[in-house]
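A.B. asks: Now for the letters of each chain:
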Amino acid sequence: MTAILRIESRNRVRSSVILTGVFVITSLFFLAVFPAMRDGAEAIEEAFPEYMIGLFGFEELHTIEGFLGGYVYPFIWVIFGGIYFAYAGAGMIASDIEHRRMDLLLSNPVSRESVIIQSVASLWVPLVVLNLGMAITLFGGVQLVDETLDPVLLSMVHLLSVPYFLVCAGIGLVLSVSVKRVGTAQVGAIGLVFMSWLIEGLSEMGETYEWLGTATPHRYYDSTEILVHEEYALGDAVILMVTFLVLVTAAVAIFVRRDI
Amino acid sequence: MAAISLENLTKRYGDVSANDGITLAVEEGEIFGYLGPNGAGKTTTIRQLLGLIKPTDGTATVLGADIRNRKALTEVKADLGYLPDDLGFDERLTGNQALDYFARMRGDEQREELLELFHPPLEKKIETYSAGNRRMLGIVQAFMHDPELVIMDEPTAGLDPLKQDRLHQFLAEETASGTTIFFSSHILSEVQRVCDRVGIIREGQLVALEDIEKLLDRSGKHVWLHLREDVIESEFVTEEMINVEITDNAIQFTYTGDYNSLLSHLTSYEIDDIEISNPQLDDIFKHYYSEEYTEDS
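If you read the protein sequences in the order shown, they are chains A and B. Per our numbering, the very first residue in the first sequence carries number 1; after that it's consecutive. Per our numbering, the very first residue in the second sequence carries number 1; after that it's consecutive.
Hints are computed from structural coordinates only; laboratory data are not their basis. All the given hints hold, so there is nothing to weed out.
Going by beta-carbon spacing under 8 Å, a handful of chain B positions derived as facing chain A:
id : residue
1  : Asp-86
2  : Asp-90
3  : Arg-104
Under the rule of at most 20 Å between Cα atoms (straight-line distance), these lysine to any residue pairs were calculated in the SDA-like manner:
id : chain 1 : residue 1 : chain 2 : residue 2
4  : A       : Lys-180   : B       : Tyr-13
5  : B       : Lys-125   : A       : Arg-12
6  : B       : Lys-54    : A       : Ile-260
7  : B       : Lys-221   : B       : Ala-250
8  : B       : Lys-71    : A       : Ile-260
9  : B       : Lys-125   : A       : Arg-10
10 : B       : Lys-125   : A       : Ala-3
Only part of the chain A face toward chain B is listed, based on derived beta-carbon distances under 7 Å:
id : residue
11 : Arg-100
12 : Arg-101
13 : Asp-103
14 : Leu-104
15 : Ser-107
16 : Pro-109
17 : Val-110
18 : Ser-111
19 : Asp-259
20 : Ile-260
These figures come from a predicted structure and were not determined experimentally. Glycine included, each C-beta is placed from N, C-alpha and C at the ideal position.
Taking the hints into account, I'd like the entire structure generated from these sequences.
C.D. replies: Take a look at the structure:
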């Protein structure tokens, strides 16, 4: 039974392509300022207040790896990518219930578990389109500013972002099965993901609140670590994957019990 | 085996009972009318039968599956068709794509035959559909897999009279070949025309369950008259007339007796205008069930 997966995947193509286009254009704008950044990185790093550096994780901004890892990825990928997946997750179930599509869908021989799993599985579309679009753009784009990028590092930045995006989607999904209105779920999910990004960034400023950041998905994906230090935090990726599975399980548990 | 069987089915929302201890059975191959005014609890019953909401108390079986057993209920849905009152299609799909989507989940053996009777513009996106086209698409998806049981909630809403007739005729053919229909409606005349048996629900309670013929015998006719002269109540009104309302030379009442005696009674009056019609559902409730209802409670 893959009817839901097929139709949901199809429905995600449009938004994935549009968002990839937006990300590609934004990345190219970022890359265009890199030559200036390369020359004046020191001044820029000094100019930023410390909390901004902590928030974005600026390091080695004059290298292309530091620039991408500390500037492009945290901004485009972690914040806006995360928000998109949270939004997509939040729209899954609540929207079908609100527009009465769920009544008709569940009159078919398909279980509620299957509805959730197939809906989540349809996220393969934005995951593939966004990752490929961004990776190809940046790989080609850096050559325009006379730089080169190790394709292995680039692949790892994208590969390790997948568990992070899935957790964002999972947060949205749990809200989606818990609240009555899709708008509430979507705003809540975006707010949660943005807030946890903020908390994680600020928690790194001092040791007193450092522990707060461990409860956020953002702690477990760091593009600068990968690009600048070539360190792949596979353990962190596992933590994110387990969190994602827990969130989906929780969503199923809530959804099968609730009235529609 | 009954296609649908409700046992003390109860659904409460706080202090409000949307369904209050409903017990009834729908036999295989019959068209069962589930009649009640809007807000009586018809859709609540249907949504419990589909497992969308859980009963507070009591239970029901659908094609032998207990609605509290999610797995069993999911399995029998392969032989179930559902036409909701509020048709939630994916608006971005065309009619054809929507039917393909449902066909992948439960088959479409008689899709082409149905499309000869009901033909929404399949190439167009559903968001452009009129209410009638939506309803036709809903009918096709409900029946296209040749189900054993079809649950229909206000099925003719939005259909033009010609299509309504076509649907009624189609339902008769389907039940002749063994399909069971659970037909929910607030329109008495429609239920009268289509159904074998009827259950009437009011304020969440089943207030009548009987053959349509018997119900009609009991419900009488609504009569409205305009006489040439003022109506003299003591002279005009007989004991077969109930719910009598008189204003000068106009009178309306529900007539529960033999029609011939009514007609011969009327010949002794000068009549300017007359209308004899089926009583409104509300009248039936008021006059045939209110006493019982009050006594019971």
